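S.K.: Kindly generate the complete structure, drawing on both the sequences and the hints.
So the sequences go chain by chain: X and Y.
To convert, note that position 261 of the first sequence is 262 in this note's numbering; the numbers rise steadily by one, no gaps.
To convert, note that position 2 of the second sequence is 4 in this note's numbering; the numbers rise steadily by one, no gaps.
Worth double-checking, as some hints may not be accurate.
[Claimed, not checked] Derived coverage of chain Y by chain X (criterion: at least 3 residues anywhere in the stretch with Cβ under 8 Å from a Cβ of chain X; other residues may be distant):
hint : region
1    : 23-29
2    : 90-104
[As the list claims (entries may be wrong)] Examples of chain Y residues lying across from chain X (beta carbon under 10 Å, computed):
hint : residue
3    : Leu33
4    : Met36
5    : Phe107
Think of the hints as simulated: they come from the structure by calculation, not from any bench.
Bear in mind that the values here come from a model prediction, so they are computed numbers and not experimental data.
Note that CB positions come from ideal geometry on N, CA and C, so glycine has one too.
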Amino acid sequence: MNYSYTLLIPLIPLVVFLITGLFGMKWKPVVSGWIGTAGLGLSFLLSIVTALSYFFINHPGEAGFSAITPMNIKWLAFTDTLVIHLGILLDPISVMMLVVITTVSFMVHIYSLGYMKGEKGFARFYAFLSLFSFSMLGLVLATNIFQMYIFWELVGVSSYLLIGFYYTRPAAVAASKKAFIVTRFADLGFLIGILILSFVTGTFDFDKLTQPGTSIFDGSASMSFMGLSVLTWAMILIFMGGAGKSAMFPLHIWLPDAMEGPTPVSALIHAATMVVAGVYLVARMFPVIHFQAPDAQIVIAWVGGFTSLFAAIIAITQFDIKRVLAFSTLSQIGYMMLSLGVSGYGGEEGVGYMASMFHLYTHAMFKALLFLGAGSIIHAVHSNYMYDMGGLRKYLPITHITFLIACLTIAGIPPLSGFFSKDEILVAAFQNNKTLFAIEYLVAGLTAFYMFRLYFTVFWGKERHYPHTPHESPLVMTIPLMFLAFASVVSGALPFPHLVSGDLKPFETEFHLPIAAASVAIGVAGILLAWILYKKESPLPGQIATNLGAVYKTVYNKFYIDEIYLFITKKILFNLISRPVAWFDRHIIDGFMVGIGTTTEKISHRIKGLQSGQLQHYGFAFVAGTLALVLIYLFLI
Amino acid sequence: MIQGIPIYHFLVVSTLMFFIGICGFIIRHNLITMLMSVELILNSVNINFVVFNRYLFPDQLQGHFFTLFIVGIAAAEVSVAIALIINIYRRFNHIEVEKVSQLRF
Numbered sequence: 002m003n004y005s006y007t008l009l010i011p012l013i014p015l016v017v018f019l020i021t022g023l024f025g026m027k028w029k030p031v032v033s034g035w036i037g038t039a040g041l042g043l044s045f046l047l048s049i050v051t052a053l054s055y056f057f058i059n060h061p062g063e064a065g066f067s068a069i070t071p072m073n074i075k076w077l078a079f080t081d082t083l084v085i086h087l088g089i090l091l092d093p094i095s096v097m098m099l100v101v102i103t104t105v106s107f108m109v110h111i112y113s114l115g116y117m118k119g120e121k122g123f124a125r126f127y128a129f130l131s132l133f134s135f136s137m138l139g140l141v142l143a144t145n146i147f148q149m150y151i152f153w154e155l156v157g158v159s160s161y162l163l164i165g166f167y168y169t170r171p172a173a174v175a176a177s178k179k180a181f182i183v184t185r186f187a188d189l190g191f192l193i194g195i196l197i198l199s200f201v202t203g204t205f206d207f208d209k210l211t212q213p214g215t216s217i218f219d220g221s222a223s224m225s226f227m228g229l230s231v232l233t234w235a236m237i238l239i240f241m242g243g244a245g246k247s248a249m250f251p252l253h254i255w256l257p258d259a260m261e262g263p264t265p266v267s268a269l270i271h272a273a274t275m276v277v278a279g280v281y282l283v284a285r286m287f288p289v290i291h292f293q294a295p296d297a298q299i300v301i302a303w304v305g306g307f308t309s310l311f312a313a314i315i316a317i318t319q320f321d322i323k324r325v326l327a328f329s330t331l332s333q334i335g336y337m338m339l340s341l342g343v344s345g346y347g348g349e350e351g352v353g354y355m356a357s358m359f360h361l362y363t364h365a366m367f368k369a370l371l372f373l374g375a376g377s378i379i380h381a382v383h384s385n386y387m388y389d390m391g392g393l394r395k396y397l398p399i400t401h402i403t404f405l406i407a408c409l410t411i412a413g414i415p416p417l418s419g420f421f422s423k424d425e426i427l428v429a430a431f432q433n434n435k436t437l438f439a440i441e442y443l444v445a446g447l448t449a450f451y452m453f454r455l456y457f458t459v460f461w462g463k464e465r466h467y468p469h470t471p472h473e474s475p476l477v478m479t480i481p482l483m484f485l486a487f488a489s490v491v492s493g494a495l496p497f498p499h500l501v502s503g504d505l506k507p508f509e510t511e512f513h514l515p516i517a518a519a520s521v522a523i524g525v526a527g528i529l530l531a532w533i534l535y536k537k538e539s540p541l542p543g544q545i546a547t548n549l550g551a552v553y554k555t556v557y558n559k560f561y562i563d564e565i566y567l568f569i570t571k572k573i574l575f576n577l578i579s580r581p582v583a584w585f586d587r588h589i590i591d592g593f594m595v596g597i598g599t600t601t602e603k604i605s606h607r608i609k610g611l612q613s614g615q616l617q618h619y620g621f622a623f624v625a626g627t628l629a630l631v632l633i634y635l636f637l638i
Numbered sequence: 003m004i005q006g007i008p009i010y011h012f013l014v015v016s017t018l019m020f021f022i023g024i025c026g027f028i029i030r031h032n033l034i035t036m037l038m039s040v041e042l043i044l045n046s047v048n049i050n051f052v053v054f055n056r057y058l059f060p061d062q063l064q065g066h067f068f069t070l071f072i073v074g075i076a077a078a079e080v081s082v083a084i085a086l087i088i089n090i091y092r093r094f095n096h097i098e099v100e101k102v103s104q105l106r107f
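M.R.: Structure (structure tokens):
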């Protein structure tokens, strides 16, 4: 099977970006929108074709999938062995990511035709969306870690541009800068990790790195640093890059603020695709992490587990509807990381790897749906805050139904897709580490609770006085909602264990009835609790918050992590390091340079009279000089 | 070798010409006279070349040829200088070198 057409999947958005970016302002804005949507639609179709042909038509059976590289161009050759390629790598996870990215991106393109209608910078918005789609597709198709790094940064730039889309709002500008700086800081670790890894192994290529039983790591066995092997350090640093992009604790602070961007952007970048790039990176490097750096894998598991609990607790107290969803995203990505952290390599042991990818897939669908639904609500009531909403189910019937489906999916109610993927993660955690299982089990309940708190407050509760009567969104916005709701319902039926696994071989999973029943039970319990507290306007939530006092306040302020960051940067870094360094720069370095300049200027001011413009002065000086030299020659030497 | 005239006589003449040229170049105010002074300097050098060639290496001709070259180049230099002087005259209506001192600090 020839897959060389897959090159078009990232290239079409690139071309669309160039066209709409360069000529977008000359046309009516809606033309750019249609060009962008059509381009992404084409990529979407090609991805579906690729996935169908890779997974189903050419299913290899028991032998297991193989990685295909339809093209690989030599780009930079440092030495004979250290060569950087640019190419396309097709294997189960990259093909799955193609489907996820193009589906969500296509839906967001369609949705934005309605949501962004009449906004200033409509064409610019579509150009950036295409740029993002190109970068993200390039990232998942990368054949080597260096190519991945390039696209990784491109993704960061597009995210920065889109968060700061409303560049006249100071909050948006601050949020975009924060996102860029935090992820950039994490990427520093990623880059160092890449350098260490390539120094040890002499290669960047994934197919060489992830070969089980490969000998390229033999040379590194003796190297260690601070009690951990060099490879463990490299993997922890690479994971740091992934943690920055995926907003894992403690690098999560940029994601809630990133909600300042337009809502479709939040759905595409900060829920479904870019933030799972870190999970994808860890999955990509999984054989290396699992076999060469087991300590790093433990770190990944605990960071993921902690983040999921931490974010779920914060999500309960937030009132900005998009921030609730942002913390929910953090929590779900924590699930995926944890699942990779507890996974084995192949077969029944490797259920965590499969579950992580499965959850990535289903999460992309239902979280994009939740965000687009939130966008539809915001579009109707012109507010982000839950206390401005209530009783909206009468006004927004389609949004209501699709939002309910998404909430049920994330709460893990069978037979919706979230149930299957979350269940597999719980199974993987249960088999490996009971503490982490307990955390995840608790988080499952919290998830159901905070999602239904949101749902009941917005769609039931007390009806507010709206400035205008809220109305259902136009069809271009509701069709993506319906499509994604459909995907959220049915994607649980995908035979993921047959398609995605750590060792590329299909395997069978057993159905663990007790775990499934328990997870459904806690999900339902969470929903019931939310029903009691928020179905009707009741004073109970407020009383609970007052009784919790300081605890509630701490959680509401996100455990003051932002304040801690500000304290460290502003008070400690700025005052103790930056200010003295700046003083040294201004006074010593600059002073030295300015001194050289002023001295030269003063001297030249003194001697400028020599250039009098009188030709005969020059002639006289010349003759006198010559004579002097002659005299010196005659009498002194 | 010219009978009855020692080499020193020629050298005295050329040295006198040289310093007269330099003095003229430094002292005179008129650009044309300055140009004439430069010609004097060049010709004093020419005399030196010819004389040394004649007295020291009578069977060779390098000095003569050098002189011819210098004469040719001097002609070219004069044409350039005259062109400059004409332009200066057109612009300032005089050729006083002391008053043409715009090119300075």
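S.K.: For this structure, which hints from the list above don't hold up?
M.R.: none
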